[in-house]
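Respectively, the protein sequence lines represent chains L and C.
Residues 1 to 314 in this note's numbering are what the first sequence spells out, letter by letter.
Residues 1 to 254 in this note's numbering are what the second sequence spells out, letter by letter.
A few of these clues could be false.
Unchecked claim - Among the chain C residues that face chain L by a calculated CB cut under 7 Å, a handful are:
1. VAL14
2. TRP42
3. LEU47
4. LEU48
5. TYR202
6. GLY204
7. GLY208
8. CYS210
9. GLY212
10. ALA214
11. LEU217
12. GLY221
13. TRP239
14. ALA241
I should point out that these hints are in silico values taken from the structure, not numbers from a laboratory.
For glycine and all other residues, C-beta sits at the position ideal for the given N, C-alpha and C.
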Amino acid sequence: MNRQARAGRNANVDTSVEVGILKLRGPVLAASGTFGYGTEVPLLEREALGAMVSKGIFLRPRAGTPPPRIAETPSGMLNAIGLQGPGVEALIRDYAPRWAEWDFPVFVNINGESADEYGELAARLDGVPGVAGFEINISCPNVEQGGLYFGNDPRAAAAVTEAVRKRTRLPVWVKLTPMVTDIGVIARAVEAAGADALCAINTFVGMSVDLNSYEPRLSFRTGGLSGPAIRPLAVHLAHQAARAVRIPVIGVGGIARAEDALEFLVAGCTAVQVGTATFVNPLAIAEVNDGIAAFLEAKGFSSLADLPRFLPRD
Amino acid sequence: MFLVDARITGKRLVARDMYVITMHAPQIAATVLPGQFVNIGWSPGPLLRRPFSVYRVDGERIEIVLKAVGSGTAQLLSMIQGDRVSCLGPLGHGFEIRAGTRTAVLVSGGLGVASMTLAARQAAALGIRVTWVHGARTKEDLCSESDGDDLIWATDDGSKGVKGTAVAAAPDADLVLACGPNRMLAAAAERWPDAQVAVETYMGCGTGVCLGCAVPLKRGGYDRACKEGPVYRAADIDWEALPSHLSYAVPVPA
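Looking at chain L on its own, in the form it has when it is part of the complex:
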């Protein structure tokens, strides 16, 4: 993997972004659950990152769901991993010290079965060297308790956000689910509850059926759909979210190339996350990052801030 990739390395173009009070060296972030804890991926890929969001974590270790956990679909994949993870103490012991040495911020994707559990996680991680902020996951479709439940009810979403907000002074992002009638309602609710930014969107709930066994292809029956298949849906929902609030929106959903990321940015997002594409192309983040700078340069912009955007405010 001998290729140069460093966020903002294109000397002619400034691609740094500000997500609230946080200044990031580049607009491309690693999406939760697609980059592990950042330690598995090649070094060059990390050099291209504006920030990273860790695999989702709970207070306690979780085994995850039985196999099969993934199923490929047209231009996409379904997953039901079930937030397998070592629990917060192992994360603090094994991963945070590594993050503290890195030159980009690492956000922890936090999960709970109650608003209190989210708050407890934030309190436990607040002040741990290496932890730069939180991405509240109220949109995981693959857990029996919590997850999506909090994400499609504005009061529950706000309660979780508030529980975290009260326990930390670090930046708090909220990852929204697309499985709602009006994403703007949830977006406004979590903004009012103190969120610093939104991530839009998490996976769509889907199902695929095995015609040999006459059963769903995933043991969890349903899974979260990701990949290019959801990109136009994601661009629309991220745009809707951006219209609804004043805080920054980080676009996520099916980004594999720079052009995909630019769609989200033009549609009103401040930054983007790349997820499933990393599974396919270990250099995806670096290529998206380089491609954005190359696009801006080719179009004659000296800064990402100059990129035209359509964001009619209501």
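Put chain C on the given structure of chain L with help from the hints.
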């Protein structure tokens, strides 16, 4: 781990519907160990890469074995010399073959031959006497290529060699390596708890981040076929909880 733009250099038929594809991937050829695999993608192709054991190494080339089990593998089989694929590897934790071992038995079912040739060659290089037991449904499904000092054939219908499973046909040895459908490996685990077996799972990234290739363990929890595996101590796997789902799976009586 290398990401190689690999040129396809050849294809040959080794059993009914079963092909060996050769590709130029020097960095992988130079570093791959027995039981390791590559994750292959191509454009235009399916979204996810497809994992294949490295079957043989020939100079700067590596070989993989495949059957057309879906549209992805069918596309790969329709490629011709000079076409290119993106080859990520070597990946995973392979077989551990130690000097000082006297005898080894390699048990393969169907496409399970894919991870056996490198193992046979390494064992032979270490002075280990190798018996390779090939199992398949019928003689037409048996791979025509093999390595090792002794060969035993086993077919479900008795059309070649012993009638019955490869596991039943195999002698005991100091070291047992097996690869094939998970049902076959479960039978191997009953007979040889310490056997090293290469499991089949669906796979996403192949590099340890997606957690899609979960392997259920006897001690509880899961780990990753692509990272800790695909080779495991047979008795460490919770076979009941590991589906034998791949459509090429050879039926093996329980």
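Going down the list of hints, with the structure as the test:
1. VAL14: 26 Å, violated
2. TRP42: Interface hint status for TRP42 of chain C: violated (11 Å vs cutoff 7 Å).
3. LEU47: Holds, because the Cβ-Cβ distance from LEU47 of chain C to chain L comes to roughly 5 Å (cut-off 7 Å).
4. LEU48: For LEU48 of chain C, the interface hint holds, since the closest Cβ of chain L sits about 5 Å away, which is under 7 Å.
5. TYR202: 5 Å, holds
6. GLY204: 5 Å, holds
7. GLY208: With Cβ-Cβ at 4 Å, under 7 Å, it holds.
8. CYS210: 5 Å, holds
9. GLY212: 4 Å, holds
10. ALA214: The hint holds - ALA214 of chain C has a Cβ within 7 Å of chain L, the shortest such distance being about 5 Å.
11. LEU217: Violated, about 10 Å.
12. GLY221: With a closest approach of 5 Å, the GLY221 of chain C hint holds.
13. TRP239: It is violated, given that the least Cβ distance between TRP239 of chain C and chain L is near 12 Å, above 7 Å.
14. ALA241: This hint holds: ALA241 of chain C lies near chain L, its Cβ roughly 6 Å from the closest one there, short of 7 Å.
Figure legend: structure checked against the earlier numbered hints; hints not met, in rising order: 1, 2, 11, 13.
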